[in-house]
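Once you have looked at the hints, place chain B with the ligands on chain L.
If you read the sequences in order, they're chains L and B. Residue numbering for the first sequence follows our numbering, starting at 2 and increasing by one per position. Residue numbering for the second sequence follows our numbering, starting at 9 and increasing by one per position.
Bear in mind the hints are in silico, worked out from the structure with no lab data behind them. Think of the CB as a built atom: it goes at the ideal place given N, C-alpha and C, for glycine as much as any other residue. Treat the hints loosely; a few may be bogus.
Stretch by stretch, here's where chain L covers chain B in the computed footprint (C-beta under 8 Å, at least three residues) [to be verified]: (1) 235-249; (2) 432-440.
Simulated crosslink set (BS3-like; lysine-lysine; CA at most 30 Å straight-line) [to be verified]: (3) Lys73(B) - Lys182(L); (4) Lys185(L) - Lys72(B); (5) Lys204(L) - Lys150(B); (6) Lys182(L) - Lys348(B); (7) Lys150(B) - Lys207(L); (8) Lys207(L) - Lys138(L); (9) Lys185(L) - Lys314(B); (10) Lys58(B) - Lys187(L); (11) Lys204(L) - Lys58(B); (12) Lys314(B) - Lys200(L); (13) Lys187(L) - Lys62(B).
One-letter residues, chain by chain:
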Amino acid sequence: MSNSISVPTVAQMMANGETPEILFWVGCSGSFDDRAKKITKAIVKLLNKCEVKFAVLGQEESCTGDPAKRAGNEFTFMMQAMQNIQVLDGYQIKKIVTACPHCFNTLKNEYPELGGNYDVIHHTQLLNALIREGRLKIEGGSFKGKKITFHDPCYLGRANEEYEAPRELLQKLDAELVEMKRSKSKGLCCGAGGAQMFKEAEKGDKEVNVERTEDALEVKPNYIATGCPFCNTMMTDGVKFFEKENETAVLDVAEMIANASDL
Amino acid sequence: MNLIFGISMVSIIVFAVLLIFTFSFFGWNVVKVKNNISMGKPLDRSDRKKERLKTMLLVAFGQKKMFQNILPAVLHFFIYAAFVITSTELLEIIVDGLTGSHRFFADSLGFFYVIVISTIELLSVLAFIATIVFLARRNLLKVPRFQMDEMTGWPKLDGNIILYLEILLIVCIFTMNGTDEVLLNRGLSHAHIEGTSFGFAVSSFLGPLIFGGMETDTLVVLERIGWWGHLIMVFGFLNYLPYSKHFHILLAFPNTYFSNLNQKGQFNNLSNVKKEVENMFDPNFDPYVAPPEGEAIAEPERFGAKDVQDLTWKSLMDAYTCTECGRCSSACPANQTGKKLSPRKIMMDTRDRMVEVGDNRRIKGKDYDDGKSLLGDYITQEEVWACTSCNACVQECPVNIDPLSIIVDLRRYLVMEESKVPGELATMLTNIENNGAPWQFSPADRANWINEE
Ligand code: SF4
Ligand code: SF4
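With the rest of the complex left out, here is chain L (with noise of 0.2 Å):
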């Protein structure tokens, strides 16, 4: 287990005449919450095991707008943009990565019209796309045998259409991967999106991440996995609910893949 990580800022990186290959676009769940934080570093170690060139923005990041669009208000949304856009081209930055659906669809969907053309991938197609090259080798580890279920964060699935990368990877672990009642198009959200995360719910008779997290426990898995970290939290919260914490642990895929991978 090695637990040093290299992760140069962009900054960094530039004043060594250097560009990075790609932006690890960390997101604000992914630089400040606590879970969060975790997913974060598994994806450096997976990055820095496939000695994949990358570099963060830093102190210079700052929230896509996403919550704020959705929220309904457009100017803080654009506001954001725009000096996201400004730091993203001051650094002629191409190739973004995020480990965020909600970071990802904002990046790739609304920023080119505000002038900011990138390409933008999910950390799982990133992930993917290091195993076809062949950087990136996994073995099933502790996984081996195990039963997982995915859990399609709306702003991957429905708003993007990406249903497999995160699958393809989970198969790569030689586990039993197992479908909930409602998946992929038909997945039901976590409860978290359309800035839900940052309230409390309307009145109701159920929470949304409690129906969510019954369909999972349905198919009593070993582990619940994520692509998102707002999913994630409201997961864990669902399986603290019904008390199955022991026997049901909520991971981000990225976890997953670098824990077989003994990071």
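Just chain B with the ligands now, with coordinates in the frame of chain L:
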């Protein structure tokens, strides 16, 4: 002879009047619908024509999205196909009605005529079965999506009326063809064809079975009742459409053609906001410069939507196209967990309000203000804020309606025009503005994770 001539003259006149009335009334309604949709804000959907055509053929014509759930899809397809094929018969009805002929095309088309009518008959039988199943499903089985709050009163009646009409229509078709078959058996049909049977797939058996024992006089009357009943049903249906959810059988085509072809996650960027923010970023911009001489100062455009005129024309067309099937609402996470939000209701409210505003404008003048609005009087803030923007409703809609874009436009109005935003969201927004993150962390700490254990 004179009496018969008189009767046929009268019926031609009655028919002609009915025909003119049907099509003028329908035409008037089409213009009304067009005007109502044009109340919406502009949106360019004139690009990518090939892709649009393909979407329309797959989704509207091929009913691609219906077939995710096979049984209702097949049953619905029977009714739809019966409707489309039966419409071709309208041509003969019109010729016969206006000239006093009987089965005008029977002779000239020969065997092809037998095929067309037989297809209509077979599909009618299938549609009949489908209709009975649908009636049972709506009223006896209590499928949850037909029992939600918004499906009471008129919407519920509307759903049933059409099914009853369908049954009546099919009964009329078989009465007409069945009695005519028996009359032909007896050498008394007015159709100009050789032989003693039409040879239609269903009525050549069903006719003698049901009507075989009846007096010729009765048959003649029944045949006319079938013919008139069937045409009145078709004409009536045509004019019922614009008032009903069944308008989707026509609007599904343009509505899918003008679908949003971008990724579902992509929300549009408001151009008026973009301009303002760009100005803020432009060091050379001077907000105090007066507009050039002669250029009127335009009234600032509203941000987001408060009423139907603030929505795009596509959202309004969506509202007219909604079939009230409820697939959206049964997939909606908010709705499933007991929140007030139902994307179907968003569409139904938008339609009701659009018709109301349209009528007001027509009757009371363009600038009439009834003091009401879509947001507030129809859709509440509670509904608007319950959405997770998950796109399940958009994904599920069989006619590519986008309830989410309406919800977002309403949010935009609430936030940017009225600052009415749930407290925690206001905090989140302030945090983004001040710290560049939705939580209260300092931007200076953003990279701390790198060195944390
Ligand atoms: S996008 Fe909103 S309205 Fe549509 S299904 Fe999701 S939560 Fe419901
Ligand atoms: S919006 Fe679409 S899915 Fe929802 S009720 Fe209308 S037609 Fe059905």
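Verification of the supplied hints:
With a threshold of 8 Å between beta carbons, the proposed coverage of the stretch 235-249 of chain B by chain L is violated, since 0 of its residues qualify and at least three are required. Figure legend: the stretch 432-440 of chain B, annotated as covered by chain L; annotation consistent (6 residues with Cβ-Cβ distances under 8 Å, at least 3 required). As the CA atoms of Lys73(B) and Lys182(L) are separated by approximately 19 Å, the hinted pair is consistent with the 30 Å bound. For the suggested pair Lys185(L) and Lys72(B), the alpha carbons sit about 17 Å apart, so the restraint of at most 30 Å is met.
For the given pair, Lys204(L) sits about 25 Å from Lys150(B) by alpha-carbon distance, which is consistent with the 30 Å threshold. Distance restraint check for Lys182(L) and Lys348(B): the Cα-Cα separation of roughly 25 Å lies within the 30 Å cut-off, and the hinted pair is therefore satisfied. For the proposed pair Lys150(B) and Lys207(L), the alpha carbon gap of about 22 Å is at most 30 Å, so the pair holds. This hinted pair does not check out: Lys207(L) and Lys138(L) have alpha carbons roughly 42 Å apart, beyond 30 Å.
At most 30 Å may separate the alpha-carbon atoms for a hinted pair to count; Lys185(L) and Lys314(B) exceed this at roughly 34 Å. Of the pairs offered as hints, the one joining Lys58(B) and Lys187(L) holds, with about 28 Å between alpha carbons and a cut-off of 30 Å not exceeded. Only pairs whose Cα atoms come within 30 Å are accepted, and Lys204(L) paired with Lys58(B) is rejected, the gap being roughly 45 Å. Between Lys314(B) and Lys200(L), the direct Cα distance comes to roughly 23 Å. Compliance with the 30 Å bound is thereby established for this hinted pair.
Only pairs whose Cα atoms come within 30 Å are accepted, and Lys187(L) paired with Lys62(B) is accepted, the gap being roughly 23 Å.
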